[in-house]
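Visitor: Based on the provided sequences and hints, a complete structural model is requested.
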Amino acid sequence: MTTDNRQMWTDLGIDLERHDELLNALLPLYQETYLSQQNRPEGMGSFDFVVGDIHGIRVRELRQHAMEGGKVVATYCVFVPEELVWAADAIPVGLCAGTQFSVPIAEEVLPRNTCALIKSSFGFKLGRICPYVQTSHLIVGETTCDGKKKMFEILADHHPVYVMEVPNKKTQSSRDLWLGEVEAFKEVIERLTGNEITADKLSQATRKVNDRRRALKRLYGLRKANPVPISGKDALLVTQISFYDDVNRATQQINTLCDEVETRVAAGEGVFPTNAPRILISGSPMAIPNWKLHHILETAGAAVVCEESCVGTRFFSELVPEDSSTAEEQLKAIAERYMNIHCACFTPNDERLEDIVSLAREYQVDGVVHYNLQFCHTYANEAVLVEKTLDKAGIPLLRIETDYSDEDVGQLRTRVDAFLEMIR
Amino acid sequence: MICAGLDVGSRTIALVMYDDGVLDSVVIDTGVEPLQRCQQLLAGRSYERLVVTGYGRHLVAPVLKGEVVSEIGAYAAGTNYLYPDCGTVIDIGGQDSKIISLDDGGMVRKFEMNDRCAAGTGKFLEVMASTLEVSIGELGELALGASNVVQINSLCTVFAESEVVSLIARGEESSAIALALHQAIATRIVGMAKRVGVKPRVVFAGGVAQNRCLHRLLSDKLDVDITVPGEPQVVGALGAALLTKPMRRGKRIVPIVHLGGM
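Protein chains in written order, with my numbering: chain R, 1 to 424; chain Z, 1 to 262.
By construction, these hints were calculated from the structure, which means they are not laboratory data.
Computed from a predicted structure; not experimentally measured.
Even for Gly, the Cβ is constructed at its ideal location relative to N, Cα and C.
Do not take every clue at face value.
Stated by the list, open to error - Partial pick of chain Z residues on the chain R-facing surface, computed with a CB cut under 10 Å:
#, residue
1, G54
2, S70
3, K98
4, D104
5, G106
6, V108
7, R109
8, E133
9, V150
10, Q151
11, L155
Guide: Next comes the structure, spelled out in structure tokens:
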């Protein structure tokens, strides 16, 4: 199996030496962060299995698909409408961008004061250490921040890249622009695959992506219980994996996990004591394997019960209406759905502020931790408004700004400990 | 009941023994083996409970069978004990600076802390003192003697040091440069303080509170009298000694002094 993997990685042009270093760093990190947890749901076993062979099984499936003439489309952002990719019998895969490991490689080219997510994703391609990006036929970027926008131009020297324009406002003209972008993306995917995206195909795709969204909503709903039946780290991992796993399998695995977690809730069984402070994390996305803040919080005695994040509620809380009949109506419904992602790239973005307050209440949290990747200017500045809003609502807030490195863990622990002492 | 409070900081370790009042307080350098230093410090002392705070708390507490509290909680408790009317704590230590806002009951209401770098901390002053060839203890006095004013724009320890070097090369007096460095730190601390909100009484604690120049600049910039305790570097250890394992009474951490009816 392992030798098979090595051959596959070689065929994909992977830098084996660096890649070995990555896996040698990742697996002990996973051991320490995940497998050390007590009383995890058994259903997490299948997710552990996926992480254990993170660059093996799934890559093999994608390779197989490619060898049969199928296409693989890589993305970095929840704005790229994956329904269109599935509908063309291509496979979308959300790329990893969550490790310090690839940051120094990126810094050979990109400015240091660029956010870790951008550097990590760029470094994966430049260093040839991600078999997913190597397998993909096209990277689809978007204009959700200036750093990414320019990085995609540089990335285009190394891989085929297409960029969708996400508008900055939520006005009618912005919505029209976005609909145009979705229509253009449909043509790009049709051209790439040679397959026509019919109304039928699109409604099937919409239904299966919605099913995964429903499954994730179900899982998050169960996290409202006290004691919380699953750790924040585990729930985060489930969400992270669903970005690159097969959509149907993800749905089925999440639902299986939910069945078990439901019985836990019914039995009043939890992973943390009922008096553990309940935390909502809000802010920048946490791409796999970024588990840093969850780990600090949960080893300090808190329970992370929800993520208002692109790797969290923004990924799945809105469904695409399934009752449109023509392809044209479906595209409109899809465009409309994606405009409801309350990303900090929009101005104004009051809906996100409202979301944070209502999630804080729904999940009965004791406090909110605002997570900000260093140099992520949209979220950093929006945090000022988040603070004002939460102050008014009487909800305690801790603002954290960090990156993927470990050098500030001591200071973060001090902040987190003090915050938990404050809200206990 | 004798309680020991240990503040394992990046530069110094402070110990306070407490029973109805402070029995003893000691400050030593942290060095490179803080755990051994702590063991030596506690050897031969008897106490019923140990609470550890400071940067090294998670390293030391499990070995010495102590409980932990964050520096922020410890400084709040220590300051509140010394000055029950305290509304704001400025704590500048070896590698952290913090502003802590207290409510009327002396509990932490809100806090701000510097980012990962050494800007605006004791470490910053230490590096600059050595560039100006004075001891850390002399730096504040040097600055107070300045007769003219220069400007330091950078707060990054590395960049500020090169600014200092070019000011020296320009022939500026070292007292003026020292004052500029203090101004730079004070501006940064004031910015943090304003984000939290400044409510008198303002107490300045932590090792850097021994610096008279910074004390004066902060008072001027915040336009408020600032109290410095007699031994500002042991306030965290005192707070740790006063805090039992964080206990719930409602949503509050209850300092042991209140529990014991003292």
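Visitor: Now, for every hint given, state plainly whether the structure supports it.
Guide: Against the structure, the hints:
For Z/G54, the interface hint holds, the least distance from its beta-carbon to any beta-carbon of chain R being 9 Å, beneath 10 Å. Checking Z/S70 against chain R: minimum C-beta separation of about 4 Å stays under 10 Å; hint holds. For Z/K98, the shortest C-beta to C-beta distance to chain R is roughly 9 Å, which falls under 10 Å, so the interface hint holds. A hinted interface residue such as Z/D104 counts as satisfied when its beta carbon comes closer than 10 Å to some beta carbon of chain R; here the least separation is about 15 Å, so the hint is violated.
The criterion of a C-beta within 10 Å of any C-beta in chain R is not met by Z/G106, whose closest approach is roughly 13 Å, and the hint is violated. Given hint, Z/V108 at the interface with chain R, holds; its Cβ is 5 Å from that chain's nearest Cβ, closer than 10 Å. Interface restraint check: Z/R109 against chain R, minimum CB-CB distance 8 Å, threshold 10 Å, status holds. Because the beta carbon of Z/E133 sits about 30 Å from the nearest beta carbon in chain R, more than 10 Å, this interface hint is broken.
Interface restraint check for Z/V150: the shortest CB-CB distance to chain R comes to about 28 Å, outside 10 Å, so the restraint is violated. Interface hint at Z/Q151: violated, since its Cβ lies 24 Å from the closest Cβ of chain R, which is beyond the 10 Å cut-off. Checking Z/L155 against chain R by beta carbon gives a least distance of about 16 Å; that is not within 10 Å, so the hint is violated.
When each numbered hint is compared with the structure, violations occur for hints 4, 5, 8, 9, 10 and 11.
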